[in-house]
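Asks: Construct all of the structure, not just a fragment, from the sequences and the given hints.
Letter by letter, the sequence shown follows residues 1 to 554 in UniProt numbering.
Do not take every clue at face value.
[Claimed, not checked] The calculated lysine-lysine pairs, modelled on DSSO-like cross-linking and capped at a C-alpha distance of 27 Å, are:
hint : residue 1 : residue 2
1    : K450      : K155
2    : K155      : K211
3    : K211      : K353
[Unchecked claim] Derived CB-CB ranges, DEER-like:
hint : residue 1 : residue 2 : range
4    : F518      : E16       : 47 to 55 Å
5    : Q72       : V387      : 35 to 43 Å
6    : P60       : R539      : 51 to 59 Å
7    : W251      : N280      : 35 to 43 Å
8    : D185      : A273      : 50 to 58 Å
9    : R539      : L209      : 46 to 54 Å
Hints are computed from structural coordinates only; laboratory data are not their basis. Glycine residues also receive a C-beta, built at the ideal position from the N, C-alpha and C atoms.
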Amino acid sequence: MPDKYLEPLPNWEPHERPSMPGSPATPLHAPPVRLAYALVSVLLGLTGGLGNALISVNLPYIQGDLGLTPTQGAWLPAAFLMVNVSANLILVKFRQQYGLRRFAEIGLALYAVFTIAHVFANNFPMAVLVRAASGFAGATITTLGTLYMLQAFRKAQVGKGLVIGVGISQLATPLAWLLSPALRDLGEWHRLYIFEAGMALCSLAAITLLKLPPGIRIKAFERLDFLTFALLGPALAMIAAVLAQGRIQWWLTQPWMGFSLAAALVLIIIAVAIEHHRRNPLLQTRWLGTSEMLRFAFGAIMLRFILSEQNYGAVGLLQTLGLTADQLQPLFAVILAGIVAGIAVSALVFSPKTMIPQILVSIVLIGIASFMDTDSTNQTRPQDLFVSQGILAFASGMFLGPLMMIGFLRALQNGPTYIVSFTVLFSFTQSLGGLAGPALFGTFETVREKYHSSHLIENVNRTDPLVVQRLQLQSQVYAPVQTDPTLQQALGTSQLSQAATREAHVLAFNDVFRLIGFVSITFLSWSLFHTLRLSYRRRKAERAQANSSNNAAT
Numbered sequence: 001m002p003d004k005y006l007e008p009l010p011n012w013e014p015h016e017r018p019s020m021p022g023s024p025a026t027p028l029h030a031p032p033v034r035l036a037y038a039l040v041s042v043l044l045g046l047t048g049g050l051g052n053a054l055i056s057v058n059l060p061y062i063q064g065d066l067g068l069t070p071t072q073g074a075w076l077p078a079a080f081l082m083v084n085v086s087a088n089l090i091l092v093k094f095r096q097q098y099g100l101r102r103f104a105e106i107g108l109a110l111y112a113v114f115t116i117a118h119v120f121a122n123n124f125p126m127a128v129l130v131r132a133a134s135g136f137a138g139a140t141i142t143t144l145g146t147l148y149m150l151q152a153f154r155k156a157q158v159g160k161g162l163v164i165g166v167g168i169s170q171l172a173t174p175l176a177w178l179l180s181p182a183l184r185d186l187g188e189w190h191r192l193y194i195f196e197a198g199m200a201l202c203s204l205a206a207i208t209l210l211k212l213p214p215g216i217r218i219k220a221f222e223r224l225d226f227l228t229f230a231l232l233g234p235a236l237a238m239i240a241a242v243l244a245q246g247r248i249q250w251w252l253t254q255p256w257m258g259f260s261l262a263a264a265l266v267l268i269i270i271a272v273a274i275e276h277h278r279r280n281p282l283l284q285t286r287w288l289g290t291s292e293m294l295r296f297a298f299g300a301i302m303l304r305f306i307l308s309e310q311n312y313g314a315v316g317l318l319q320t321l322g323l324t325a326d327q328l329q330p331l332f333a334v335i336l337a338g339i340v341a342g343i344a345v346s347a348l349v350f351s352p353k354t355m356i357p358q359i360l361v362s363i364v365l366i367g368i369a370s371f372m373d374t375d376s377t378n379q380t381r382p383q384d385l386f387v388s389q390g391i392l393a394f395a396s397g398m399f400l401g402p403l404m405m406i407g408f409l410r411a412l413q414n415g416p417t418y419i420v421s422f423t424v425l426f427s428f429t430q431s432l433g434g435l436a437g438p439a440l441f442g443t444f445e446t447v448r449e450k451y452h453s454s455h456l457i458e459n460v461n462r463t464d465p466l467v468v469q470r471l472q473l474q475s476q477v478y479a480p481v482q483t484d485p486t487l488q489q490a491l492g493t494s495q496l497s498q499a500a501t502r503e504a505h506v507l508a509f510n511d512v513f514r515l516i517g518f519v520s521i522t523f524l525s526w527s528l529f530h531t532l533r534l535s536y537r538r539r540k541a542e543r544a545q546a547n548s549s550n551n552a553a554t
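Replies: This is the structure:
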């Protein structure tokens, strides 16, 4: 179906014409203007990423101030992702039909309003509602950050701009860890929301002063688009909810999780059936169902999945050992530097030939870093993880841009209508991988902790002189505050039990690191196999074409 333009097209030069409806034109900007676009992109990327990162990092403090249980607290970051994961189903077409400027100004204005509303959210239902609304509005910010960064580069270097643009949001989590202690020292948890609202207002002012060039507006929406969104939105939200709560409420004890997954499956099947038979589908189901795109989706999920070694594994281990956010700041400074270095190297060496090698190198680095952490003990401190987590951060900064570019080029080869499908697929794989990693590795850690605890307790023999001596030492600690010998002994036994539990957790986290390392090796082998197979097929096709041309010439 030919595009129905909603306004006359400007007289663009060939290099200025947008690559697709909904994207801005690419005029030649003066260097100061390019720098301004880059700075606005950084502001937007950090604003979009810090929103949920600040909540996740400071969740224990927010739970305490609002009087929430761990189960209730987990709904706050989950609510953001439950809505954010499906928002692009609508937002891509919104900017294609109503234009980039409306998309930018309305999206950021709503985000600013919702972040300000956080300051007044003093109860659990209101906090969850505002987080969910922020998830929808916040989906615009990451897209805007990338589009602004593309304006800072010439069209021939658009790949480098994309690598940097999509990578900026990854800086949000380490920055949240670095900024949170100072923000909490200023007052209660409301200060976090005030900071988030301030960032949103600064971003709104920036895009109002420096607007994106106009793009192509077309008639994009159809009635069935909203039906598809009404089916897929709740389905993806239920999957996200189960992954966010599964480890906390435990998978097999909550019937609602099974019902949610079953309902999500039914809704997805109905939505896919509708899209599969539409003349102008919102999602290109036939293309998404090809082996090429299924491999891409699996690879994208796995990359985000194994990167959980950092956000869940290393951080979880150190928090189990009693370290606070203040003590973790040096580690996250190293992680921040590693991500910046990864993005910079990825952008510098970026080309069509280096995209896949960059991803393969990232997988290798993740595996190496995971195995480096498998010898952790109860004496492990942040400085002991600087090298491994720096390597892991470098890998996370390197892979995202090339991965997105590979998928984007595959979609663009089929036409602009495929961009919606790719955008939704990419967003879903990153959200699913990011949720599934902590959920499944956390479940594995819990199971292994029980296993190690049982073995440690079995080996504690109260007649063993070393055990008796340890109990006496533990009991003597309470002598200044507890004179009853029986209670002293009970407290000493309790302390020994806590020490055994701590050791079991350390051993379990080592098992997690080892598992991630083996998963990385398996994933690397799978990736190399398919890369070499496709390369062989391509060379074989080129030789056949060359032979055909030679035969035709003779």
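Asks: What hint numbers does the structure not satisfy?
Replies: Violated: hints 1, 3.
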